[in-house]
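Undergrad: Residues per chain are reported as follows:
2 protein chains.
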Amino acid sequence: MQVAIIGGTGEEGFGLALRLGKAGHQVVIGSRSEEKGASSAENAREILGGTADVAGTTNEAAAGGCEVMFVTVPFGGQADIYRALKEHVRPGTIVCDTTSPLATAVGGKAWHVIRPWHGSAAEQAAAILQTGVRMTAGFHTISADALRAIDVPMDSDVLVCGDDAEAKAVVGGLIEDIPDMRWVDCGLLSQARIAESMTALLISVNRQYKIHDSGFRITGRDGWGRPVG
Amino acid sequence: MQVAIIGGTGEEGFGLALRLGKAGHQVVIGSRSEEKGASSAENAREILGGTADVAGTTNEAAAGGCEVMFVTVPFGGQADIYRALKEHVRPGTIVCDTTSPLATAVGGKAWHVIRPWHGSAAEQAAAILQTGVRMTAGFHTISADALRAIDVPMDSDVLVCGDDAEAKAVVGGLIEDIPDMRWVDCGLLSQARIAESMTALLISVNRQYKIHDSGFRITGRDGWGRPVG
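If you're matching them up, the sequences are chains C and R in order. For the first sequence, position 6 (counting from the first letter as 1) is numbered 6 according to this note's numbering, and the numbering increases by one without interruption. For the second sequence, position 29 (counting from the first letter as 1) is numbered 29 according to this note's numbering, and the numbering increases by one without interruption.
For the record, the hints were derived by calculation from the structure and aren't laboratory data. Mixed in with the good hints, there may be bad ones.
Copies of the same chain look alike in the list, so a pair counts if it works inside one copy or between any two.
Unchecked claim - Straight-line alpha carbon distances no greater than 20 Å define the calculated SDA-like cross-link-like pairs of lysine to any residue that follow:
#1 Lys109 - Ser190
#2 Lys86 - Lys210
#3 Lys210 - Met1
#4 Lys36 - Met1
#5 Lys86 - Asp145
#6 Lys109 - Tyr209
#7 Lys36 - Ala103
#8 Lys86 - Gly173
#9 Lys210 - Val106
#10 Lys36 - Val170
#11 Lys210 - Asp222
#12 Lys210 - Arg182
#13 Lys109 - Asp163
#14 Lys36 - Val106
#15 Lys210 - Pro179
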């Protein structure tokens, strides 16, 4: 599958690019600068070796040529980046926003969140892109360190929110291609208001225990993935 | 340990009373009505059998005679109950608020939350009780069904928030007495703003999969409990 990672030179985005590249997908790392995107992709190909299909370019070019686009940018620049992407994204593109509105965006603490006007960062993104794209949200609670340790199976689940069940299942299919990673359908896009804030809770847990990669597994069922019926 | 469960006739509170009674603690179930408290305690003793030490009385009497008090009431009545308890709680009592501000309190959906003026239900409780009690928050993400199935080990972790590390450790000790239940120190009491909202996310997950008892395990460490150093 053709996957773009907007902001893919950042820690979370680069980790995701590695994992999806390793799984055999055609990954394009987008960056504000074409050179940085290309350099990051070269780095990814070196790490992955062999036939990994990872390229790098601008965010706009990456967004215009993919089936699924992950947006992994800090909340402080998220709205600007979506506005810049808007005219490049093709209708029908599935978008997965991974942004958490941490208070660091306004000089606050990483274990605090601020409340976007639209309720969540994902709903803000949907409001900017408007119709034609299929918006989902996920990966808020997935540690960048864990994603980048590509030889270690994942030990946390992705909370996926969205109003389009089919789009969630496509994103979920990519998640299932990452070893031991599962996805849980958390309901409508507005539930991202909760899922996004959970990043800050994990940062608080990390502080308490002096670790970097706490995460969540969801219990109550043996398997998750697409709900039946 | 002498433990009071305020609102202990409700599903979550009754489940917690069963688990802590089974673990050998001296449990008092509090209710708005002394008769209902007593009847619920009788029910608990029948379920637990043997020497289980579970009594029932009014919320006020239960609050006045305990070392640790769990408050398991719906958000709609939470402030009134704390105001009624205020003059009965002894200085130094450790309080664990389990309330989630679900939108059902104002006629909304159980998978939506409202925002209490103080930030969280737990901070509202602390503002009402004021000084002298040691406030913590936890159990928001623990299914009442799972608590009540006393022969089944727990499969979810308790997110404990609070400004008093010692008080969190005392609550944590009670949690560790419940088979396979762990507690994670999530930081200051204000982090309950996030932990409380996670109840609504689990209710949304339950709706998607038509289940009743989803929960969270925290990953990233083999063990949790009291942070060292």
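Undergrad: My question is about Lys109 and Tyr209: at a cut-off of 20 Å on alpha-carbon distance, are they close within one copy, between copies, both, or neither?
TA: within (17 Å within a copy, 35 Å between copies)
Undergrad: Could you figure out if Lys210 and Val106 sit no more than 20 Å apart (CA to CA) within one copy, between two copies, both or neither?
TA: neither (24 Å within a copy, 39 Å between copies)
Undergrad: From the Cα coordinates, with 20 Å as the cut-off, is the pair Lys210 and Arg182 best called within, between, both, or neither?
TA: between (26 Å within a copy, 18 Å between copies)
Undergrad: One pair to classify: Lys36 and Ala103, alpha carbons no more than 20 Å apart. Within, between, both, or neither?
TA: neither (27 Å within a copy, 46 Å between copies)
Undergrad: Regarding Lys36 and Met1, is the shortest C-alpha distance of 20 Å or less found within a copy, between copies, in both, or in neither?
TA: neither (23 Å within a copy, 60 Å between copies)
Undergrad: Should Lys86 paired with Gly173 be assigned to within, between, both, or neither, using CA atoms and 20 Å as the limit?
TA: Neither: 25 Å inside a copy, 52 Å across copies.
Undergrad: When no copy is specified for Lys36 and Val106, does a C-alpha distance of 20 Å or less occur within a copy, between copies, both, or neither?
TA: Neither: 26 Å inside a copy, 50 Å across copies.
Undergrad: Measure nothing new, just compare the shortest in-copy and cross-copy C-alpha distances for Lys109 and Ser190 to 20 Å and report within, between, both or neither.
TA: Only across copies: Lys109 and Ser190 sit 13 Å apart there, 24 Å inside one copy, limit 20 Å.
Undergrad: 20 Å Cα cut-off: does Lys86 pair with Lys210 within a copy, between copies, both or neither?
TA: Cα proximity of Lys86 and Lys210: none, with 40 Å in one copy and 37 Å across.
Undergrad: Measure nothing new, just compare the shortest in-copy and cross-copy C-alpha distances for Lys210 and Asp222 to 20 Å and report within, between, both or neither.
TA: Only across copies: Lys210 and Asp222 sit 14 Å apart there, 30 Å inside one copy, limit 20 Å.
Undergrad: When no copy is named, should Lys210 and Pro179 be tagged within, between, both, or neither for a Cα gap of at most 20 Å?
TA: For Lys210 and Pro179, neither the intra-copy (26 Å) nor the inter-copy (26 Å) Cα distance is at most 20 Å.
Undergrad: Check Lys86 against Asp145 for me: Cα-Cα at most 20 Å, and say if that holds within a copy, between copies, both or neither.
TA: Result: close neither inside a copy nor across copies, 30 Å intra and 46 Å inter.
In terms of the numbered hints stated before, the structure departs from hints 2, 3, 4, 5, 7, 8, 9, 10, 14 and 15, listed from lowest to highest.
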